[in-house]
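**Q** The whole structure should be built from the sequences, with the hints applied where relevant.
So the sequences go chain by chain: A, B, C and D.
Mind the numbering: the first sequence is residues 47 to 407 in the numbering used here, read in order.
Mind the numbering: the second sequence is residues 47 to 407 in the numbering used here, read in order.
Mind the numbering: the third sequence is residues 47 to 407 in the numbering used here, read in order.
Mind the numbering: the fourth sequence is residues 47 to 407 in the numbering used here, read in order.
Don't take every hint at face value.
Because identical chains cannot be distinguished in the list, a pair is counted as satisfied if it fits within a single copy or across any two copies.
Taking lysine to aspartate or glutamate and the EDC-like style, the derived pairs with C-alpha atoms no more than 20 Å apart in a straight line are [unchecked claim]:
(1) K304 <-> D250
(2) K370 <-> D141
(3) K243 <-> E307
(4) K304 <-> E240
(5) K370 <-> E307
(6) K109 <-> D134
(7) K304 <-> E248
(8) K304 <-> D207
(9) K88 <-> D221
(10) K370 <-> D145
(11) K370 <-> E248
Please keep in mind that the hints were generated in silico from the structure rather than gathered at the bench.
Protein chains: 4
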Amino acid sequence: MGSVFGTLFRVSTWGESHGLSVGVVVDGCPARLPLSVEDIQKELDRRRPGQSDIVTPRKEADKVEILSGVYNGMTLGTPIAMEVRNTDHRPSAYDNVRDVFRPSHADYTYTAKYGIRAVEGGGRSSARETIARVAAGAIARKVLAAVAGVRIVAYVERVHDIAMPELESAPAEADIEATAVRCPHAETAARMIERIKQVRSEGDSVGGIVRCHLQNVPVGLGEPVFDRLEADLAKAMLSIPASKGFEFGSGFAGTYLKGSEHNDVFISRDGQIHTATNRSGGVQGGISNGEEIVFRVGFKPTATIIQNQQTVDAQGNATELLAKGRHDPCVLPRAVPIVESMAALVLVEHLMRQKAQSGLM
Amino acid sequence: MGSVFGTLFRVSTWGESHGLSVGVVVDGCPARLPLSVEDIQKELDRRRPGQSDIVTPRKEADKVEILSGVYNGMTLGTPIAMEVRNTDHRPSAYDNVRDVFRPSHADYTYTAKYGIRAVEGGGRSSARETIARVAAGAIARKVLAAVAGVRIVAYVERVHDIAMPELESAPAEADIEATAVRCPHAETAARMIERIKQVRSEGDSVGGIVRCHLQNVPVGLGEPVFDRLEADLAKAMLSIPASKGFEFGSGFAGTYLKGSEHNDVFISRDGQIHTATNRSGGVQGGISNGEEIVFRVGFKPTATIIQNQQTVDAQGNATELLAKGRHDPCVLPRAVPIVESMAALVLVEHLMRQKAQSGLM
Amino acid sequence: MGSVFGTLFRVSTWGESHGLSVGVVVDGCPARLPLSVEDIQKELDRRRPGQSDIVTPRKEADKVEILSGVYNGMTLGTPIAMEVRNTDHRPSAYDNVRDVFRPSHADYTYTAKYGIRAVEGGGRSSARETIARVAAGAIARKVLAAVAGVRIVAYVERVHDIAMPELESAPAEADIEATAVRCPHAETAARMIERIKQVRSEGDSVGGIVRCHLQNVPVGLGEPVFDRLEADLAKAMLSIPASKGFEFGSGFAGTYLKGSEHNDVFISRDGQIHTATNRSGGVQGGISNGEEIVFRVGFKPTATIIQNQQTVDAQGNATELLAKGRHDPCVLPRAVPIVESMAALVLVEHLMRQKAQSGLM
Amino acid sequence: MGSVFGTLFRVSTWGESHGLSVGVVVDGCPARLPLSVEDIQKELDRRRPGQSDIVTPRKEADKVEILSGVYNGMTLGTPIAMEVRNTDHRPSAYDNVRDVFRPSHADYTYTAKYGIRAVEGGGRSSARETIARVAAGAIARKVLAAVAGVRIVAYVERVHDIAMPELESAPAEADIEATAVRCPHAETAARMIERIKQVRSEGDSVGGIVRCHLQNVPVGLGEPVFDRLEADLAKAMLSIPASKGFEFGSGFAGTYLKGSEHNDVFISRDGQIHTATNRSGGVQGGISNGEEIVFRVGFKPTATIIQNQQTVDAQGNATELLAKGRHDPCVLPRAVPIVESMAALVLVEHLMRQKAQSGLM
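**A** Have a look at this one:
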């Protein structure tokens, strides 16, 4: 009942890890947006398994098909459905967890909630569902770029305890994509990759932090008091598998400051009102203020580890589990396009809401 | 357009700081729940201005009236409207900000978005709107207690850099309410109060952290993949004025652990499946697992400070501002019932969704 | 759970017949719309009990108060709450139905659904809830008039078997308001009034038909395939108490025609595309085509009659009932502003949706 | 933006007439419902083109594939996606309407709204989108049958001016399916078929009425004041292409009765409360009362006729059009499963809402 995101730019997703396909319907996309399979595929390729030697080796080309809503290379304004068929099924890899709950996975809660679960690859709880997010996000990004020149840039800021220096503003995409770990600071990236390989060799896993910058966001997006822009971003980010926390602007660190240290004074620059600093993170009173929107998302270490773990079976009997199946030792590199996609979905929704209400008077 | 929260237990709020009233309609509350004005009032009193010498001295009794939906002390199943009339208006206190944007307030963004703003007390962006949240939350809490014995306990864990020792589980309500700052650790509470008084005497302000525990939450609440329980909690918390971040379970600190250190192994206890540790924070795969749900919310220092600040007027001209008006030097003590209320709204919504889908087969 | 109407122009209503008040929150109204209490009151006065000698004599001034969302005579863009306090309570008139179900009323179904009901005046099922619709509709009408010059005109076309001649297009408001029955054809109106007085004298009631014209509706409103403009109008009309049917354009009569007789051929007029006839009723493929939108709503005879009726009590025992309480012998005259209000809510919602999607490219 | 139906049992549809596929995602279906491709296919076969010699000869097997949400023959509780690939494309049949608006079709309004339209077969406005409705409806029907033994029976009551005798209650499915026109009265059915063949031979088309009975609907479904059961049924029916009107219970005919003739008195039968008559049509106060729910839907004559028609092109120039392409001379026979499907979607949604709210106390 929770696989729909958004109200005006409505995204409805489907698919289990080892089912026939994963896909999404996007209802509400403006008409006459130029859109091609390549626009979607290039983002899916950034999320794809097997893209480097630090991610899961599952072999999926993740080739997307646009089923509807595009006509002669332009959107029709009616629903756009997109589908990726699953190909690399290895159900036998999950025989040993059919009746056993993997620690810190969703096996137990899905079973408790639904009374049934698709065992292979975690079924619906697999990160394969994020294909749908990235496909829909690719369209949202095109809309945002076309309408307002919005730029969405995420990257890996920290892996385990290896952190890059904090940046003032968004780095270049090329610097992010330059390394398999999607950290734009080359020297740090190298150390991150080394760490990921090391924990993988130990059958272990690590987490970290993705940081995201939203540039050229028009002033006025966000609908107080509940649908504040940061609130919808928080929901979007916490809906990503493995995420554990969200902070924007000065975030948790800002709670150590006094008001006199934290306030962003207003200034005029080039005839426009700006803030001299940006501890507000681009959002004030729940509404974008035209500054760069900045937020961080924390991701836990991957739950799948290749070590013996204690657990119970469906009857509650204690047992031991040694995981098989392919997985990422660190989700961060592939989380980057997912974070960007979810941010895009939030922004386009709010852009449309703002247009709906303000466009009338 | 964003003043409605929830789908099944739907809360629609209204009111500006210095308008006629602040209120809320709750649509979807189950019928035959015993409900009295006192049930609502006792929670509003915890949020009320003037309740202690470390909060704003604005004089508002915040007496609530139930306008509909209750009949002979029982809910009817139809909308429950509740209203608090504003009484202590002091519009003259805002004459100096009529044409000037207060730093890190919503003055600028509201004006940019709507082309108009209610100046006095920040209008709709005032924390007075949270009256509606607490009133609705009081009903949600009654439902949750009646249906499942759910207990919701929040408290102030840190003010500025003064933190209490981390608790394993929820403290007693009496310990929280024992001090004006709502920190259950008496010795820390005393230091927090001292710090708040000190910054107030300097015309300054401080922020901090509220921690919240949800106990006896039934297994199975949360609707993947988007309406995960933690995602909706994140949205709810980031919709509270002055909040800057949200983390649950191991949170950001957990991103420093390896998978082998972070995973919660399953065990059987009293014939039920539990986790030996609770770094998952009571939610796995977006669904409650029956353990205590634990999360933290960071609040920034109050934007209103009694110091000269640089800013601009509506035309972008640089000017200086010395704030007047009554305000809290630290929002944390009064944020506690608001955090609890928003958590209650999220839980009751998910309880109803779970009942809708699972109740059929 | 069903007292909210609309998504972008969201209306949340409350109130029982003999409760403290009836009211509504409108969330999503554009900012900077001039709005006064008089704008609302003048529409409420058209719905008011006691306005003539053919409607219920219940004495209610129905004076509305605007609680929020308006500032210096302009809307703020934030929720507008409006309230009418009930004054003329006569609970004793309902003592005899406390434990008995009135035929063709909602007494039985409310009790079966909720396990409780507000007895006096039918509680929530009373037509008093339509105050909220008319108050919200008054705002919607102002928006529509300001943005697009939309004109919404309903009138009583038939009472019992007394019908006025069919009009080609909308009549003048003055002609409608000229008689108590709101039929613009004076001679027919006189006969309708006579009939209503006659059935009232017999303790009986009659129904009939309201017809509604929507003029100057912009081309392009309506969202296929489910949220077609006529589908949302149908829902809106069937949500009005006592309504039994809806038809638009050629309606049920059109089902007797052949395609060659029914199709509306396109022509050019004044450089714009029009249809030569309007059997489509202004909507094609679920989207407005710029012609006048025309529809009819059928209303049943009032369920309350002053005659002995067989029924059962809550335990299912057969009993007799002689109704007391004040009521309308014919709901049609007061239904006119309600039909108009609901049409306005549908149109403004679709105007905003259209703006949201089309405003981006 | 309007291709989503329902809130709890949420249906999101896609597809153009000559696009790659037509499909639907159903989000919210209860888990552990036995579900097979055959369950869906058998309903699609009743809607299929080419099923008889009085419907469109377009050759489509309409073979459905279940893409997700079903595991070992049981629903998972997560989204169920279903897809039908289009095969019989004949785009050349639409070359003559590429720049011309077909009378009483959606060509003009789609173009005006979106600035673009998929020409072939009417694109999204084609009745092919109803495949998605029937596929989703098939699941809803299984849920309703399993949970409450609900029976949904629609049939063709009138074609053009040929009407069958009015039935007191729902006929047998076998009688309905016995003839190509889906009228359970054999003698009338024969005349209807003859009439349809005759108008087709004239290049013309006819409309008529579908009547629907809902049996064993639990008492208590419907959410006043806006989401009344009949209001949601009205919206559902008016969202079906070519529908022009909706009435339930006594309908428009009931508006000719007096209250004393119209009221349904309550009686006890077998220890349960019933009404002696059913002019209420099974719904009182917006809530089901346990009696049979009865309603009628009027459908206009098919807009496509094989006769010369006047129209204009996109520039507004007058022109003549002689339609090609395959079509139904009368939509009624194939509308029957669509009406049933939409009714099922409304009922299951309300069943879930009722369970959500009432299941808590």
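**Q** Take the hints in turn and mark each one as holding or not.
**A** Going through the hints against the structure:
1. K304 <-> D250: between (41 Å within a copy, 7 Å between copies)
2. K370 <-> D141: within (9 Å within a copy, 57 Å between copies)
3. K243 <-> E307: Only across copies: K243 and E307 sit 18 Å apart there, 41 Å inside one copy, limit 20 Å.
4. K304 <-> E240: Between copies, since 15 Å is at most 20 Å while 39 Å is not.
5. K370 <-> E307: Intra 51 Å, inter 19 Å, cutoff 20 Å: inter-copy only.
6. K109 <-> D134: Only inside one copy: K109 and D134 sit 13 Å apart there, 25 Å across copies, limit 20 Å.
7. K304 <-> E248: between (44 Å within a copy, 11 Å between copies)
8. K304 <-> D207: between (28 Å within a copy, 10 Å between copies)
9. K88 <-> D221: within (17 Å within a copy, 55 Å between copies)
10. K370 <-> D145: within (14 Å within a copy, 59 Å between copies)
11. K370 <-> E248: within (14 Å within a copy, 60 Å between copies)
Every hint from the earlier list agrees with this structure, and none is contradicted.
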